[in-house]
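**Q** Dock chains B, C and D against chain A, hints included.
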Amino acid sequence: MKRIPSTAATSSASGMLKSIESGSKHLLIKRFTLRYPDQKLKFTGDGYQFDPKRGVGIAGSRGRHILFHDKCTGCQLCAIACEGIAEAIGMVKVDEQWKQNKKSIMPQIDYGKCVFCGLCVDACPFYALYMTDDYELSSFTKEHLIYTPAQLAIKPKYDGNVELKIGDMGATHG
Amino acid sequence: MTSEPKEKPIESSTTQSSPSSTQPAKPATQPAKPATQPAKQEPESPPFEKEIVSQILSHFGNDKIKVSYIRPLRIKISVDPSNIVEVATFIRDNLGLDHAEAVSGTDYPKDGQIEVIYQLGSYSRDDMEGHIFSLATRTNRDDARLPTLINVYKSAEYHERETFEMLGVYFEGHPRNERFILPEDWADLPPLRKEFRIRGR
Amino acid sequence: MATAPQGFRFGNFVGSLIWLILWIIIIVSLIALPLIFVILFYVPLPPVNGDVLTPYLFLSMMVDPTRTLPIVHFIIHTELFRIAVFPGFSFAALMAAVTIFVERKFLAKMQLRVGPLYCGKVEGILQLLADGLKLVSKEIIIPSGSDKPIFWTAPIAYVATAAAVVALIPAAPGWVGANIDVGLIAVFAILGFFPLIALLFSWASNSKYPFIGGLRALHQMIAFEIPFFLSALSVVLLAGSLNLTDIAEAQQPYWFIFFLPISAFVFFISSLAELERIPFDLPEAESEIVAGWLTETSGMIYGLIQLGSYVKVYALSALFVILFLGGWAGPQIFPKELMPSANATTAPPLLQLLTLQGVFNGVTVSAIFWFAIKTFGIIMIMLFIRGINPRIRIDILLHTGWYKLIVLTFINMFIALALIYGGILGPGGLLTAH
Amino acid sequence: MAKNVEPEIEDDLNKKLAIQIVKESEDDRLMRLSVGPQHPGSGHFRFTVTVDGDYIVHCDPDPGYVHRGEEKMCEYRNFIQNIPHLERPVIHDSSNIIYSYSLAVEQLVGIEVPRRGQFIRALASELDRQIYTLYWLAIYGIFLGHSTMFMWPTADRELFIDLMDALTGARVTHAFNIPGGVRNDIPDGFKDKCLRNIAYFEKRLKEYEDIFYNNPLFRQRTEGVGILTKDDAINLGVTGSVLRASGVPYDVRKAEPYDVYNEMDFKVQYMKSGDSFARSYVPFLDMKESCHIMRQLLDKMPDSGEVRAKLQPNPKGAPGEAYRRVESGRGALGYYIVSDGTPKPYRVKISVGSFRNMIALPHLLVGSKLADMPSVYWSLNYWPVEADR
Chain A
0 MKRIPSTAAT
10 SSASGMLKSI
20 ESGSKHLLIK
30 RFTLRYPDQK
40 LKFTGDGYQF
50 DPKRGVGIAG
60 SRGRHILFHD
70 KCTGCQLCAI
80 ACEGIAEAIG
90 MVKVDEQWKQ
100 NKKSIMPQID
110 YGKCVFCGLC
120 VDACPFYALY
130 MTDDYELSSF
140 TKEHLIYTPA
150 QLAIKPKYDG
160 NVELKIGDMG
170 ATHG
Chain B
0 MTSEPKEKPI
10 ESSTTQSSPS
20 STQPAKPATQ
30 PAKPATQPAK
40 QEPESPPFEK
50 EIVSQILSHF
60 GNDKIKVSYI
70 RPLRIKISVD
80 PSNIVEVATF
90 IRDNLGLDHA
100 EAVSGTDYPK
110 DGQIEVIYQL
120 GSYSRDDMEG
130 HIFSLATRTN
140 RDDARLPTLI
150 NVYKSAEYHE
160 RETFEMLGVY
170 FEGHPRNERF
180 ILPEDWADLP
190 PLRKEFRIRG
200 R
Chain C
0 MATAPQGFRF
10 GNFVGSLIWL
20 ILWIIIIVSL
30 IALPLIFVIL
40 FYVPLPPVNG
50 DVLTPYLFLS
60 MMVDPTRTLP
70 IVHFIIHTEL
80 FRIAVFPGFS
90 FAALMAAVTI
100 FVERKFLAKM
110 QLRVGPLYCG
120 KVEGILQLLA
130 DGLKLVSKEI
140 IIPSGSDKPI
150 FWTAPIAYVA
160 TAAAVVALIP
170 AAPGWVGANI
180 DVGLIAVFAI
190 LGFFPLIALL
200 FSWASNSKYP
210 FIGGLRALHQ
220 MIAFEIPFFL
230 SALSVVLLAG
240 SLNLTDIAEA
250 QQPYWFIFFL
260 PISAFVFFIS
270 SLAELERIPF
280 DLPEAESEIV
290 AGWLTETSGM
300 IYGLIQLGSY
310 VKVYALSALF
320 VILFLGGWAG
330 PQIFPKELMP
340 SANATTAPPL
350 LQLLTLQGVF
360 NGVTVSAIFW
370 FAIKTFGIIM
380 IMLFIRGINP
390 RIRIDILLHT
400 GWYKLIVLTF
410 INMFIALALI
420 YGGILGPGGL
430 LTAH
Chain D
0 MAKNVEPEIE
10 DDLNKKLAIQ
20 IVKESEDDRL
30 MRLSVGPQHP
40 GSGHFRFTVT
50 VDGDYIVHCD
60 PDPGYVHRGE
70 EKMCEYRNFI
80 QNIPHLERPV
90 IHDSSNIIYS
100 YSLAVEQLVG
110 IEVPRRGQFI
120 RALASELDRQ
130 IYTLYWLAIY
140 GIFLGHSTMF
150 MWPTADRELF
160 IDLMDALTGA
170 RVTHAFNIPG
180 GVRNDIPDGF
190 KDKCLRNIAY
200 FEKRLKEYED
210 IFYNNPLFRQ
220 RTEGVGILTK
230 DDAINLGVTG
240 SVLRASGVPY
250 DVRKAEPYDV
260 YNEMDFKVQY
270 MKSGDSFARS
280 YVPFLDMKES
290 CHIMRQLLDK
300 MPDSGEVRAK
310 LQPNPKGAPG
320 EAYRRVESGR
330 GALGYYIVSD
340 GTPKPYRVKI
350 SVGSFRNMIA
360 LPHLLVGSKL
370 ADMPSVYWSL
380 NYWPVEADR
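Residue numbers (numbering that gives the first Met the number 0), protein chains in the order written: chain A, 0 to 173; chain B, 0 to 200; chain C, 0 to 433; chain D, 0 to 388.
Chain A on its own, in the form it takes in the complex (with noise of 0.2 Å):
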């Protein structure tokens, strides 16, 4: 259980020598930068969903919501969930006629407040609110980041394709 690591203390020129080899081996490997706005990265998945049912999740990326209408009964739970963490849904009336949403409620999403912790996904009993890839979601204004049910409901399309690649010459980015 106890040992003394080796430090492999060495002298000053022979240290310095390592490390030009290692400084100059490095001016042969290839980058490491992912070129953003061209390049984005592949997700595992398609957004992070879960199994009510199973009571476990599926791994994926969590990225902006997308709601379905068909299936969103207005039970407010994921409101609910989301009370004590962001605060972000609320509850607004949708000008829709669903015969399992009585009450023509659904959740809206403030992305200037939401965290992306997925508790609100785990919390929604009717597979009707999952996550997606999509997380660029800057705008100019407060009030463009509040997204409605109708927004919410259609399906972002992220076509990031970059996976970290790993060769004799290093990790690189594509």
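Accuracy of the hints is not assured; some may be wrong.
Calculated pairs, PhoX-like style, for lysine-lysine (alpha carbon to alpha carbon, straight line, at most 25 Å) [unchecked claim]: (1) C:K403 - A:K164; (2) C:K133 - A:K39; (3) A:K29 - C:K108; (4) A:K70 - D:K309; (5) D:K309 - A:K17.
Think of the hints as simulated: they come from the structure by calculation, not from any bench.
**A** Chains B, C and D only, in chain A's frame:
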């Protein structure tokens, strides 16, 4: 847990937690269920911890020390503020508990008291590495004063200072009972007292 | 979700641009053009092709650029051109700009990132221009309680001192701003001004971190000045001259670095300390004293000091090349015949224009080429050292300067003396070119 | 053992404290420097140092610039809602800071985590430890002026952030370890990717050793600087890598193994010199050991099974209290939770390594040089946000 009633686990907890007690370094992955009552409700205490407690009890006697619970790797005893320096010195010198991991206070407005609890641990004794010894004391809420333990446990210095500003417990003998984490112009109640309410909640 | 900021109208934007252009036209036509003509009338101008340069002739040059050749020729031979443009400040500033850009890209490559990438489309080539524009347009903040005259003067003095060093450095045979016999001593004397400026500026800033930084700069300077001089002293012993051109030409067959490797090493280390570059950038150690003596700088004050320090990088690298690497010595890179000589009139006008009527002849171009290559190599070594080393501590630095480097220089000085007394080098030595 | 060293240490420390207070007012030579909260070498933390020439004669830490009142906030939220805000103090190491919270809540609520869930959350916490330590190492590099050492760990940290992204869906603040297990199972192909990245990372560690730890200039700056002796370390109650660098082989994963750590085969890395070099080298050795642990976790993980115990939406803790600890990137991280039988905790106390290590800062800085300040300060593995909570 969905169907489990709240009242049930008291008996089952004591039976479940005891087998793991033979090895002090064993993981407490078993759900060591909480004791709702003080230690006399847990008849089968782990022997190593029990022996430690009996050492303290034999030195000080039952009237000075009140054992709250004995669980695997966790012991909590409560003492009177007047005895705390004496007990802490004894614990440090004879049991090898050499540092304080945390000092925290809990406000009990119903009892009119504040409980200050020192979580003590040991780096120097191999067989007590995983143990946390909780030394608790209670003081009056309105005039909260306690003797400081920094002469016994140097490591408690900043924790006590934090407890002073968060709960308003004045530590007599502490060189700096003053603001530490809160802003310079903090003029409100100590924030961890129960009557300090966060706005809007 | 991208929307334009509120209250933005494209028409207003275009309108403001037109308004700006209008003002520029008004100012140029009312003030600048009359000024130019007044100057042209009253200032005696050089004769061009036998005629005195008149405003009419001046305007006709715009139609036929070849007519400007004599005037360009005249300007090139002035002292001002040498000091301000070619071996002097502009050349050094260009090298400094290249150094800054190369430093960023080179370190980025070493650190597995890309460096400047977007500005200028091709690998961020215009990033420096953008940074410069940013610095020019930024507000200059003067701390209250500062000594304002010194605070304003110090950055200008810093650049001016750097330019003064550069003026003494020859870049090719005959191409030097001031060819004086005590060139090396003059260089060291001027270099002694930098810590003084740093200290004055730090004192004028009226702040604690600059003060500590200024004191550190002074300590560092004093500790490294002596090994710096002494390492150059052995070169002077071998060359038998203090004139930098003479020193460069004295090492014609064999460069001094072969005889004086220890001195070269000490000189290089000392110049790193002189330049306040990692691992010796203690006066600007940002994790200890914020930015050292640069803490209160902002806007173009910071820009000028950065420019000055990179010009200094060029100056000291060039000095290293002149003292140890044989200056501009190197093989002729292309035949001399290809370049028209000074008197050639047979060459086509375009080539005449390019070679400035033989001012830059083949030998000069080759010398400048080798000189630039060597200088840049030294600069690259400095950048590489920055990439692999942390900052040194002040007491280790002082210890290194006072105890180790001085001793090392003496070792090499004795070697140099032995070489001279042994008749191998020095005036009339075996290996000296005659 | 405590008996024979205690009195002199105590005297020594008290004397030091007395000197600090007197010196501040009397002497004119002294200059008081403020380090932080906007100083490039402090983070969200302020401490004032008084220097006499180049020597520090007094140091007074002043934390609290990022105090969020996490402990008070906990009292207003139920056990599940507390998770997202509790991981804010250390967003890189959020799996660990939630780990001990989950352990304590599980003890109070009385649930057992499925075995596969235990493995996955141990894996997540090891990955987060790597992410944190690499970030720490990067900052240590730039504190000493080594810009390359800032960039390499920052880049290589991406290897593990990538894995955490695939596992949890978020790059930082994962909200992944929750009372009762983990949020989701590992995705397909995760194991291979993880092994590949670990193998590459171990190669990279050699380069760090070459360019940073064996660099003579780095050695000169850190060796013999800010020595914390073993007795002082015990007495001041420091934890984590600072403690282990002073010669106390203490690791909560060994001392009090939680979840599956008693099945893991690993060594507690420690050094005896107790200087800045040891404090910076022990996390490096920990990273190596952590790679080793991760391989074992992936190897021994059951192929299938539940990952999360069923927990009702608003769980109630049984009345009582619990104190559970884990080993985080900065040392022991304990939660003391008092429950009164309601869905909300009655009192939550977070005992963090950074706060415990802060006491060593004045102890080490007084008497050392101003130039040693960054190397001593950041070697204490101090994360200001976590200390403020």
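**Q** Against the earlier hints, flag every one the structure doesn't satisfy and list their numbers going up.
**A** Violated hints: 1, 2 and 5; rest satisfied.
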